[in-house]
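Student: Those protein sequences? They're chains A and B, same order as listed.
If you count by this note's numbering, then the first sequence holds residues 1 to 419, one letter each, in order.
If you count by this note's numbering, then the second sequence holds residues 420 to 838, one letter each, in order.
Just to be clear, a hint being listed does not mean it is correct.
Restricting the straight-line Cα-Cα distance to at most 27 Å, the calculated cross-link-like pairs of lysine-lysine (BS3-like) are [as the list claims (entries may be wrong)]:
(1) A:K168 <-> B:K550
(2) A:K329 <-> B:K724
(3) A:K329 <-> B:K748
(4) A:K329 <-> A:K305
(5) B:K584 <-> A:K329
(6) A:K165 <-> B:K587
(7) B:K731 <-> B:K748
(8) A:K165 <-> B:K584
(9) B:K748 <-> A:K131
(10) A:K165 <-> B:K748
(11) B:K584 <-> A:K168
(12) A:K168 <-> B:K724
Note that these hints are calculated values from the structure, not bench results.
Keep in mind that this is a model prediction, so the values were computed, not measured.
Now for the letters of each chain:
There are 2 protein chains.
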Amino acid sequence: MRVLVLGGDGYCGWPTALHLSARGHEVGILDNFARRLWDHELGVETLTPIRPLHDRVALWRELSGRTIPVFAADLTNYAATADALAAFEPDAVVHYAEQRSAPYSMIDREHAVFTQTNNVAGTLNLLFALKELRPDCHLVKLGTMGEYGTPNIDIEEGFIEIEHKGRKDVLPFPKQPGSFYHLSKVHDSHNIMFCCRIWGLRATDLNQGVVYGTMTDELARHPGLVNRFDYDEVFGTALNRFCVQAAIGHPLTVYGRGGQTRGFLDIRDTVRCIELALLNPPRAGEYRVFNQFTERFSIADLAEKVRHAGQKLGLRVEIRHLPNPRVEKEEHYYNAVHTRLLDLGLEPHALSESLLDSLLNIAIEHRDRVRTDVIMPRVDWRSTRNRTRPAAASDGAAGEAPGPLGAARETPGAAIIFK
Amino acid sequence: MRVLVLGGDGYCGWPTALHLSARGHEVGILDNFARRLWDHELGVETLTPIRPLHDRVALWRELSGRTIPVFAADLTNYAATADALAAFEPDAVVHYAEQRSAPYSMIDREHAVFTQTNNVAGTLNLLFALKELRPDCHLVKLGTMGEYGTPNIDIEEGFIEIEHKGRKDVLPFPKQPGSFYHLSKVHDSHNIMFCCRIWGLRATDLNQGVVYGTMTDELARHPGLVNRFDYDEVFGTALNRFCVQAAIGHPLTVYGRGGQTRGFLDIRDTVRCIELALLNPPRAGEYRVFNQFTERFSIADLAEKVRHAGQKLGLRVEIRHLPNPRVEKEEHYYNAVHTRLLDLGLEPHALSESLLDSLLNIAIEHRDRVRTDVIMPRVDWRSTRNRTRPAAASDGAAGEAPGPLGAARETPGAAIIFK
Chain A
1 MRVLVLGGDG YCGWPTALHL SARGHEVGIL DNFARRLWDH ELGVETLTPI RPLHDRVALW
61 RELSGRTIPV FAADLTNYAA TADALAAFEP DAVVHYAEQR SAPYSMIDRE HAVFTQTNNV
121 AGTLNLLFAL KELRPDCHLV KLGTMGEYGT PNIDIEEGFI EIEHKGRKDV LPFPKQPGSF
181 YHLSKVHDSH NIMFCCRIWG LRATDLNQGV VYGTMTDELA RHPGLVNRFD YDEVFGTALN
241 RFCVQAAIGH PLTVYGRGGQ TRGFLDIRDT VRCIELALLN PPRAGEYRVF NQFTERFSIA
301 DLAEKVRHAG QKLGLRVEIR HLPNPRVEKE EHYYNAVHTR LLDLGLEPHA LSESLLDSLL
361 NIAIEHRDRV RTDVIMPRVD WRSTRNRTRP AAASDGAAGE APGPLGAARE TPGAAIIFK
Chain B
420 MRVLVLGGDG YCGWPTALHL SARGHEVGIL DNFARRLWDH ELGVETLTPI RPLHDRVALW
480 RELSGRTIPV FAADLTNYAA TADALAAFEP DAVVHYAEQR SAPYSMIDRE HAVFTQTNNV
540 AGTLNLLFAL KELRPDCHLV KLGTMGEYGT PNIDIEEGFI EIEHKGRKDV LPFPKQPGSF
600 YHLSKVHDSH NIMFCCRIWG LRATDLNQGV VYGTMTDELA RHPGLVNRFD YDEVFGTALN
660 RFCVQAAIGH PLTVYGRGGQ TRGFLDIRDT VRCIELALLN PPRAGEYRVF NQFTERFSIA
720 DLAEKVRHAG QKLGLRVEIR HLPNPRVEKE EHYYNAVHTR LLDLGLEPHA LSESLLDSLL
780 NIAIEHRDRV RTDVIMPRVD WRSTRNRTRP AAASDGAAGE APGPLGAARE TPGAAIIFK
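Build out the structure end to end from the sequences listed, making use of the hints.
Tutor: Set out below in structure tokens:
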């Protein structure tokens, strides 16, 4: 199968591209490298020293004999998007190419508007390009479990049968997203559902939980393939961030009471879920939703697990409850159905002590690269003007964010920079 | 009360501004005149010869002694939006300032992306400006009944209590919008609900039905105050369009079987509903939804009513069922709750023969202004490249839409052009 991975230079996109390539699919990567730009904007770096994409794919070719063409293109540039689809002729596209951080979207007005217009317009362009050029292509879109929020009823996979005043219908599950980023994914979901209905496109919307881990079988083949590992308050997600904090002796930063419960999954399951969705495509016109996570934990649970694992490695791990910078329930009901990927054959990796050990050891290995000034939360949901850049990175401007990088940039077309 | 009407030069905004001004409120208008630009883009004109806004407000001042300052500003320009709020210091804003035509949003990719980014980013800017400058200001946002689509259960006002697997919650009513325009309103609704939750803003989201009529008590005071009356396939809504068609002997254009049922209301009720919402504001942090319509009709019902009324005036009225350019159910269940505005004291104007007579007479009066080449539907939901401009308006370019006008324009600030 010919699969174009949009955002294939990122944390989930890169291991997905290699996994699919290793399994015999013809894989291409489209990326605008915005994620690397945002590291510069925020003054942060992935814990692991990742290589430039052209090095990574060259190394993968040496190791595997398999070529991954790269399209340097931005989805908000329609011509570039269409050029890439026309050139690669994918049977499926896996769409990770969005601004994916909730805190980034909550920095200020510019970042909120950027996140929504970037994600929504990029996805709209993709939908139009698919309809015009590849109408049978399967769109596998990364959504998030955060689209649902935390309702007081069980969360179903995308749709719910509602009986009301003696009548029944199956309707989209009500959404209560918790940031401008999560809202952008809800907007995307509605747009995609509509395009499947009017144009007969086929799409799988994967409402993914919080991903942890950094290693897959393919990445393990060479240190030069190493994946990103974000630990900063803006792009670092809970479990990975806790492991780095434990490794460097920083208190684990639990926001509020820590009863916030979410679905989680190992990145090895992310790449497998994508392939399962690809191998079992929806029919033309079908918009389907899978809840893509394997276990649920509260934030406090996770912190305890990391403390326990850290102590066994001889680390002194403190848990600190901080005032919650987010507006969210800290104790709530949470039960979300996630059977559709299991039905397709997913065999989940449960969160194990050995996984935590391995994460902690990676963090310890790279602990000299950790910048401690980017760990504490600076982005407060209640403020419209948050200061994100560490003091050292600001020169007189009091660390005010200068606006999202890449917002006005339009790449000149879908240049194939490696083939 | 100080009320800023955003989009106050438009079909609903203008009569709303005058109604509120006549009732003793201090009213300002903010508009970017995009609606007038789109007439030029599409080669259409309102049936009624409306005057420029500066003439209209000057005439209103002569007639009423009341001043309506005008802010020439675009909501997608944050500085201009903030300047206007800072200068006018409104207690409430009534937000009509969006691209509001479903067919316009379905012309092609450019119009779809423009509609969503314009409406979503404009409303986001407004939310940030309110939070930063007028956090207690009441936002009255115009949504649409079309956000709900046509579910097989009763439509509630914004929220529905769902009992599921033995648990209960009150959740946002599931949305199934039917165009990129309707989708933009759903996106807005989610964004506004979120900002009320995190920032304590107060908002009323009015899910309005299809508005008909053109006259209110205030507009009737002088011909120079006349409101727009759109009959073209892009901006003309069903009942008004049918009346013009009847007046000029054009068959009434019923799309498909005509069983499509929607909520409708008289424009005199629109302006009254706005005032009722303003006089009964939500509490801080509250996001509430009113379904703003008074009666429901199927499209075939409406066509029959216009035929009947037309025949009594001696017109020969033919009804023509066209292949439906939209993707929508043509026979379906439709029952939507609309009690909250009635509870606040709305006394609805039912659709009467005298109203139809008056609309038909206005259409007859201006029938020499009708362009028959803009009536038949050209915008097909199934196509991504629709030809909208009448042949005469195109010069060699085969009538291809050149992209939405106003998309890249940024007004230089909130110039007060009349005070």
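Student: Checking against the hints above, which ones are violated?
Tutor: 1, 2, 3, 7, 12
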